[in-house]
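Dock chain V with the ligand against the given chain F, drawing on the hints supplied.
Protein chains in written order, with this note's numbering: chain F, 205 to 385; chain V, 1081 to 1319.
Simulated from the structure, these hints should not be mistaken for laboratory data.
One thing to keep in mind: the hints can contain errors.
As the list claims (entries may be wrong) - Sample of chain V residues lacking proximity to chain F, with all beta carbon distances greater than 12 Å (derived):
no., residue
1, A1103
2, T1138
3, E1175
4, W1195
5, P1227
6, R1238
Unchecked claim - Here are the computed distance ranges between Cβ atoms for each label pair:
no., chain 1, residue 1, chain 2, residue 2, range
7, F, C244, V, D1229, 48 to 56 Å
8, F, R272, V, S1147, 54 to 62 Å
9, V, I1135, F, A254, 35 to 43 Å
10, V, D1225, F, A254, 46 to 54 Å
Beta carbons are placed, not taken as given, at the ideal position from N, Cα and C, and that holds for glycine.
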Amino acid sequence: MGELRVIDGGGEVAVTTRLSDLLQWARKWSLFQYPFVTACCGMEFMSTAAPRYDIARFGAEAPRFSPRQSDVLWVVGTISQRQGPAVRRIWEQMADPKWVVAFGTCASCGGFYDNYTTIPGVDKVIPVDVYIPGCPPRPEAVLDALMLLQDKIQANDRKPIVVPPRLVPERAPGRTGEGNS
Amino acid sequence: MSQAVVDRLNAQFGERVLETSDAFGDHEVVVALKDWVEVAQFMKDDGDLQMDHFIDLTAVDYPERESARFDVVLMTRSSVTGARIRLRTHAKDGEEPGSLAGTWSGANWAEREVWDMFGIKFNGHPDMRRILLYEEFVGHPLRKDYPIDKAQPLVPYREVSDIDKLPPFGIEEGQPFARIDWESRLSGGDNQVSPALGVQQGQRRTLSDSEAAQQVQARIEERMAQEAPEDAAEEGSGE
Ligand code: SF4
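Isolated chain F, as found in the complex:
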């Protein structure tokens, strides 16, 4: 949360901040998601939502199958030209403020489907906030995306961003075979 000021009144403590910061803070910890799942990436999405990776830690575990009740549109999987109108319509029905995550290479850029039938990236149809590369991305990358999105919400930043690879071994515990500490 932005700037915090602590007022200590002898036994009673008050903390002040800006209203907008408080609002963004509330928003980023209660993201209701609309999963628009069309293809194989859905498996990783389920895995992320399941207890092992536990997306609930980020306050984003509640899926809403009505776009009118959701904040984040997860576009998970290949979007064909035929689905273009559907995904666009769903996005239009969502209430502001709303965010879009392109989950996987297909949703981000069309992936290896370079042909007449696939939309080369869902951003050709609706604006995307966070791109997650990978075919499919690992749940860790998805959680990275969620944290990136939270940062963006807090900073009120609508610039699209791609989840970077985890190059630093300390940030990828287990992959090097040592220490989860």
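Coordinates of chain V with the ligand only, in the frame set by chain F:
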């Protein structure tokens, strides 16, 4: 096993069986377009053959072939004898083979798919509509002269200039390598890569098959010539 089917068809239709083959044990019979439905119906009804299992019906496009552009291919099997057979016919652009939807109901959707992808209509089909693509789609995408990079979006694409994408995404989205530019190839050229990529001359390569085969052969021979003396030397030292 399926040779019996070929023999039976030969005996029944004689001259009207244009061609038979059994490459790799896959038995195939070629008939004329006008005999298409009759032969198929016979295969299903005949007491010896009983080809009651419709497997698939599809088409192949040979844009360079003068006589007839398309092959229509039917694959069937008999659940009684286990025999399999492939029936093939040639169709010019615009010619309409008879529909097999009345013979095997499974052929209904397969024929719609062939219409959708290749633009071959089937005479007497109960419901000749597109099955996978949308009604607004113009053309038939599996024809080899369908423009390789032509999409027909239902939703207009956004102005993408404001999308500040970072690597790995960007201009070269998709995987446009290994595309064959049929338009230019049919007019005598032999470009391998689509016009959209033409600027990247490095990615273009010619693909005259015999030429490529010669090059590969030459490379193999060259390498063998290089390796041979070394091998001999190794053997020599081993002894
Ligand atoms: S990115 Fe890969 S895993 Fe995800 S939908 Fe596309 S093909 Fe499937």
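Evaluation of the provided hints:
1. V/A1103, annotated as away from the interface, keeps every beta carbon of chain F farther than 12 Å; the closest lies near 30 Å.
2. Every C-beta of chain F lies more than 12 Å from that of V/T1138, the closest at about 17 Å, which supports listing it as non-interface.
3. With a closest Cβ-Cβ approach of about 25 Å to chain F, V/E1175 is found to remain outside the 12 Å limit, as its non-interface label requires.
4. Residue placement check: V/W1195 keeps its beta carbon more than 12 Å from all beta carbons of chain F (closest about 16 Å).
5. For V/P1227, the requirement that its beta carbon stay farther than 12 Å from each beta carbon of chain F is not met, with the minimum near 9 Å.
6. At the 12 Å boundary, the C-beta of V/R1238 falls inside the reach of chain F, the nearest C-beta of that chain being 6 Å off.
7. Here the CB-CB span from F/C244 to V/D1229 is close to 25 Å, at odds with the stated 48 to 56 Å.
8. Take F/R272 and V/S1147: their Cβ atoms lie about 60 Å apart, and the range 54 to 62 Å holds.
9. Take V/I1135 and F/A254: their Cβ atoms lie about 39 Å apart, and the range 35 to 43 Å holds.
10. Distance hint check for V/D1225 and F/A254: the Cβ-Cβ separation is about 48 Å, which falls inside the suggested range of 46 to 54 Å.
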